[in-house]
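Q: Here are the chains, one letter per residue:
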Amino acid sequence: MSAPQKKRLTTSAMIASIAEDGQETTPAPFGHALVALAQQRPEIVGLSADLSKYTDLHILAQAMPDRFYQMGMAEQVLMGAAAGLAREGFQPFATTYAVFASRRAYDFICLGIAEESLNVKIVCALPGLTTGYGPSHQATDDLAIFRAMPNLTIVDPCDAVDIEQAVPAIADHKGPVYMRLLRGNVPRVLHRYDYRFELGKAALLRDGADILFVSSGLMTMRVLAAAERMKAEGIADAGVLHVPTIKPLDTETITAALARPGRLVVTAENHSIVGGLGEAVAGAALERGVVPAGFRRIGLPDAFLDAGALPTLHDRYGLSVEAIVTQIKGWL
Amino acid sequence: MSDGTDDARLSNVALAKRAYNIRRNALRMAAVQGQGYIGQALGVADVLAVSYFHALRYQPVDPQWEGRDRFLLSIGHYAIALYAALIEAGILPEDELETYGSDGSRLPMSGMAAYTPGMEITGGSLGHGLGIGVGMALGLKRKQSDARVFNLLSDGELGEGSTWEAAMEAAHHRLDNLIAIVDFNNQQADGPSTRMLSAEPVQDKWAAFGWYAQRVDGNDIPAVVAAFDAARNHTGDQPRVIICDTRMCKGVPFLETREVTHFVRVAPEEWDMALEALDAGRPQ
Chain L
1 MSAPQKKRLT TSAMIASIAE DGQETTPAPF GHALVALAQQ RPEIVGLSAD LSKYTDLHIL
61 AQAMPDRFYQ MGMAEQVLMG AAAGLAREGF QPFATTYAVF ASRRAYDFIC LGIAEESLNV
121 KIVCALPGLT TGYGPSHQAT DDLAIFRAMP NLTIVDPCDA VDIEQAVPAI ADHKGPVYMR
181 LLRGNVPRVL HRYDYRFELG KAALLRDGAD ILFVSSGLMT MRVLAAAERM KAEGIADAGV
241 LHVPTIKPLD TETITAALAR PGRLVVTAEN HSIVGGLGEA VAGAALERGV VPAGFRRIGL
301 PDAFLDAGAL PTLHDRYGLS VEAIVTQIKG WL
Chain H
1001 MSDGTDDARL SNVALAKRAY NIRRNALRMA AVQGQGYIGQ ALGVADVLAV SYFHALRYQP
1061 VDPQWEGRDR FLLSIGHYAI ALYAALIEAG ILPEDELETY GSDGSRLPMS GMAAYTPGME
1121 ITGGSLGHGL GIGVGMALGL KRKQSDARVF NLLSDGELGE GSTWEAAMEA AHHRLDNLIA
1181 IVDFNNQQAD GPSTRMLSAE PVQDKWAAFG WYAQRVDGND IPAVVAAFDA ARNHTGDQPR
1241 VIICDTRMCK GVPFLETREV THFVRVAPEE WDMALEALDA GRPQ
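Going line by line, the protein sequences match chains L and H. The first sequence lines up with residues 1 to 332 when you count with our numbering. The second sequence lines up with residues 1001 to 1284 when you count with our numbering.
Don't read these hints as lab results, they were simulated from the structure. Check each hint, because a few of them may be wrong.
Which stretches of chain H does chain L cover? Using the computed rule of at least three CB atoms under 8 angstroms from a CB of chain L, they are [said to hold, decoys possible]:
#1 1119–1131
#2 1134–1144
#3 1162–1171
Glycine included, every Cβ here is placed at the ideal spot set by N, Cα and C.
Build out the structure end to end from the sequences listed, making use of the hints.
A: So this is what it looks like as structure tokens:
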């Protein structure tokens, strides 16, 4: 009799779910939130470059077909046309994958949209490491690319709650926004905390005496889980400051939290350690003379990453709860 | 190409005078800087005269009037030509041309929407205008507006792949309210466009992309008028393109024959000579 086989992990679909087994999820929170808003606001239109099903924009396309433009596999004209529609008074939500918006269509967002602060919302799936397809689809550098773009607001929501609340908030903001999107069955976590998404605001989700995580995007749910585990195992008492708006950065709240003495500050982001949240937080703190007891960054290495199954990759590159706890143990 | 009537003849003379004034405005601006994209401005002046005094609907006192036809300048370095036309159209005051390219001016060397009334988009990064035009044309249809979108491109700009993405998109969405104008002067930064990255056969390319395509001598005003009229009256639900073959530095013979005309070097004493040469050919 052979030994029981360990389940073989595979890359599976392009967009692997980031939900843990048994985790509460909400289907297509972006698509449903956008439809609810578009029913109130006739100026909202949706555009996609052949990825509506993979950015949850198909919900809008199905519910309100006359408000949806299929632009085909053409990201440059996707952004150009979004700029043109904004010029005519509409509020376009343009969707594609984060790699294509940040790398392929950069100039069209920069000069076509941001230079004139046009009211375009760019909402992109597969931010950071959320697919096992390799560097062609892993937007490990999107925040670094977009942070230097003037006028652009950057949002990195954590879960379905964040996305549902961020959609009306970014629509109310007059100007260009880049939002990193989690799509499909998206975990629902933040309703367990006293939290509301506010554009430009960081929020303390959990206090802790030994460690302060400063995190954005899906890493907020990972560090929340890591903090619970570390508390249960008596490793450390960790707080979590969630920073869903990467730019403009809520430097006031962040530096006030970092100023509390005696804590190890650990930034955590689903992005390269180059040019993302960690660098932004470090710069803001140093500029204000705030130096915590310790400072570490959890993020993706400055490398083109492997293909493979997402859980394997998150373990390998330090984004899984297990990997976070291991890294913290090494730093304590 | 004139229909031979007195009205048409008079109108062509009037347009030639407008083109002369546009050239004169451009030369005066270039003289302020002592250099510039004067070759393009002189070459495209007839096309701009027909655009602003025959084809486009606008209100000079209100450049943002909702019912206006939108004129998008992809080619930011042609700003000098568009400023010259906007002055002639009464959208910009004439005395402002003396500020061209100076600190604090509303007339920067490369055209930008935020600086200049009548400048619809920020051009300069070539290959942007047509895509923005697609969005504006979609938006106008959504608003049930009968305004149209014109986009002035250059032949060199046809090397940008994004122009062809936008061309496909416009045909796919049947944007019959979008009119592209290609200034084909066969000159770009490093030399003749057809020897850099040839767009020929350019009319066939646009037609193959689903556009109603015409090619005319862009310095023949009656021919340009006829092409704009045909673009307007065409009944197919296609976007329209008018490829205009133009001569760099047209109207100033001693500059027309200069070898390098993308960014014309003109000696200080030559500006007055250029104005005199232009005046010598002034339409009566």
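Q: For each hint, tell me whether it holds in the structure or not.
A: Hint-by-hint comparison with the structure:
no. : hint      : result
1   : 1119–1131 : holds (count 9)
2   : 1134–1144 : holds (count 9)
3   : 1162–1171 : holds (count 5)
In the structure shown, no violation is registered for any of the earlier numbered hints.
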